[in-house]
Amino acid sequence: MSTTSNSMTFNIRIWRQKNAQTPGKLVEYKLDGISPDMSFLEMLDQLNERLYAKGEEPVAFDHDCREGICGMCSLNVNGIPHGPDSQVTICQTHMRIFKDGQTITIEPWRSTAFPVIKDCVVNRSAFDRIIQAGGFVSVNTGGTPDANALPISKEIADLAMDAAACIGCGACVAACKNSSALLFVSAKASQLNLLPQGKAEKDRRVLKMVETMDAEGFGACTNTNSCEAVCPKGIPVTFIAQLNRDYAWAMLKGAAAEPKATVGGA
Amino acid sequence: MPLIKFLRSTVGLKIIMGLTGAALFAFTVIHMVGNLQIFLGQEALNNYAQMLHASDEVIWGFRLGLGAVAALHILCAVVLTIRNRAARGKESYAEYAAPGASLASRTMAVSGVIVAAFIIFHLLHFTTQTIDPSFKELTEIHKGAERHDVYAMVIKGFSVTWVSVFYIISVALVSFHLSHGIASCFRSMGLTNPAYREVQEWFGLAFAIIIFVGMAAVPAAVLLGLVKL
Chain F
163 MSTTSNSMTF NIRIWRQKNA QTPGKLVEYK LDGISPDMSF LEMLDQLNER LYAKGEEPVA
223 FDHDCREGIC GMCSLNVNGI PHGPDSQVTI CQTHMRIFKD GQTITIEPWR STAFPVIKDC
283 VVNRSAFDRI IQAGGFVSVN TGGTPDANAL PISKEIADLA MDAAACIGCG ACVAACKNSS
343 ALLFVSAKAS QLNLLPQGKA EKDRRVLKMV ETMDAEGFGA CTNTNSCEAV CPKGIPVTFI
403 AQLNRDYAWA MLKGAAAEPK ATVGGA
Chain L
1061 MPLIKFLRST VGLKIIMGLT GAALFAFTVI HMVGNLQIFL GQEALNNYAQ MLHASDEVIW
1121 GFRLGLGAVA ALHILCAVVL TIRNRAARGK ESYAEYAAPG ASLASRTMAV SGVIVAAFII
1181 FHLLHFTTQT IDPSFKELTE IHKGAERHDV YAMVIKGFSV TWVSVFYIIS VALVSFHLSH
1241 GIASCFRSMG LTNPAYREVQ EWFGLAFAII IFVGMAAVPA AVLLGLVKL
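Residue numbers (my numbering), protein chains in the order written: chain F, 163 to 428; chain L, 1061 to 1289.
Bound-form chain F, shown alone (with noise of 0.2 Å):
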């Protein structure tokens, strides 16, 4: 308990922006009597409390569980998004490891995908348009089945696992320099496509994931690695490369052709 004595003072640059039709601009803030307990959200509270008592408005930002699971925070922190830490969101980052005194600034994900709506509040449904495209299972309802009905290899269920970490927050885009959306599109597909559950509708949800996520206006891979980088649930760029291979073979396959009516069927 003893560094809650040791208060921080911070020049905080932060992203302005009333509305998407009105220019933004970075605002300076000097901020004092931060604890390096807070955490980077708790800091911001502080910076609107102080706004708000001033009459100012305060600065919007996405914010939910504060538990690093929800995906909901999206800041770019001196130029990094989620900030200087690794494998953790910005909301599960800490004063501390910034040094007192320190000009921190503050950014929403820049991406044509991710229109700002408002200061630093970016509007990320683009992500859930390639989810309704593909991202998910069609399951017939009734009784549950039996769980060791399909069997799964340890190493397939892992790796499905790690790619189900995937909190879609889009700090993978925010950071590529192409603002492709690959990893969070390969990592939405292969928690399905690696389990046998998924496998059925694999070759059409590959293609129809691909197809919205250009049509939403992402970039290309160049595999920089700055998306695994950043991912604060460290998923790595080996999925992108699976879903490459993924929709090649379904293109080799003529999944992408329209289904044509076989003889004597419907």
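Mixed in with the good hints there might be a few duds.
The calculated DSSO-like cross-link candidates involving lysine-lysine, where the alpha carbons are at most 27 Å apart (straight line), are [what the hints assert, rightly or not]:
1. F:Lys187 with L:Lys1150
2. F:Lys370 with L:Lys1065
3. F:Lys361 with F:Lys395
4. F:Lys395 with F:Lys364
5. F:Lys180 with L:Lys1065
6. F:Lys361 with F:Lys415
7. L:Lys1065 with F:Lys361
8. L:Lys1065 with F:Lys415
9. L:Lys1288 with F:Lys280
10. F:Lys339 with F:Lys370
11. F:Lys339 with F:Lys187
12. F:Lys216 with F:Lys187
13. L:Lys1216 with F:Lys339
14. L:Lys1150 with F:Lys339
15. L:Lys1196 with L:Lys1288
16. F:Lys280 with F:Lys364
17. L:Lys1065 with F:Lys364
18. F:Lys339 with F:Lys180
19. F:Lys192 with F:Lys216
20. F:Lys316 with F:Lys216
Using C-beta positions, here's what the derived DEER-type ranges look like [what the hints assert, rightly or not]:
21. L:Val1259 with F:Thr306: 40 to 50 Å
22. F:Ala419 with L:His1182: 41 to 51 Å
23. F:Asn181 with L:Thr1190: 54 to 64 Å
24. F:Pro358 with L:Glu1117: 32 to 42 Å
25. F:Lys415 with L:Ala1128: 20 to 30 Å
26. L:Ala1146 with F:Leu414: 21 to 31 Å
Just so you know, these hints were derived from the structure itself, not from any lab.
Think of the CB as a built atom: it goes at the ideal place given N, C-alpha and C, for glycine as much as any other residue.
Got chain F sorted already, so can you dock chain L onto it with the hints?
Relative to chain F, chain L alone:
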């Protein structure tokens, strides 16, 4: 049409970039091995050159094929670069750290343009011999027949200091492009998984260095007088 869907998708275009990149890399390795025969002497290099030029049909088929592969690689790169720039958007970051990304990986378009410019110069220099037309007159008598003396041409070409220095800098940029490109080919073609990733990255880095050493060895050896007529 599935093929049109494939050619429209960023993933499809990257698969083409990977395939064409791998083909261009394979050619670069063969080219390097061919060049190194200069160290076996005039007879060996000129025999090799004569063998390559033995059939017009074969060499022109090869040239056109290689040219088409290079054109496809460049075309996909241009299309993807335009799309990537548009995806990034008008508003850029005030601060951008490019975490985890190597310099080579972030500058592939720039190094690619420089490599392309170098290849054009190289073709005008040694293939069409437009830059120095006197190269065409370098011949030797071998087994009673006259043939082009490639050995003499290489030595004459690289005896000019600025040309040699320019070639060494250029092959350094080729290997810089390859230091990211080789491993990236595997990834784009979908041939990477957690077990192979590290091996492919080392393979890429190792071959980038091998290409630089092997390619720069020829102008360096001529400049240093290790290979002479």
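Please write out, lowest number first, the hints stated earlier that are contradicted by the structure.
Hints 5, 9, 13, 16, 20 and 24 contradicted; others consistent.
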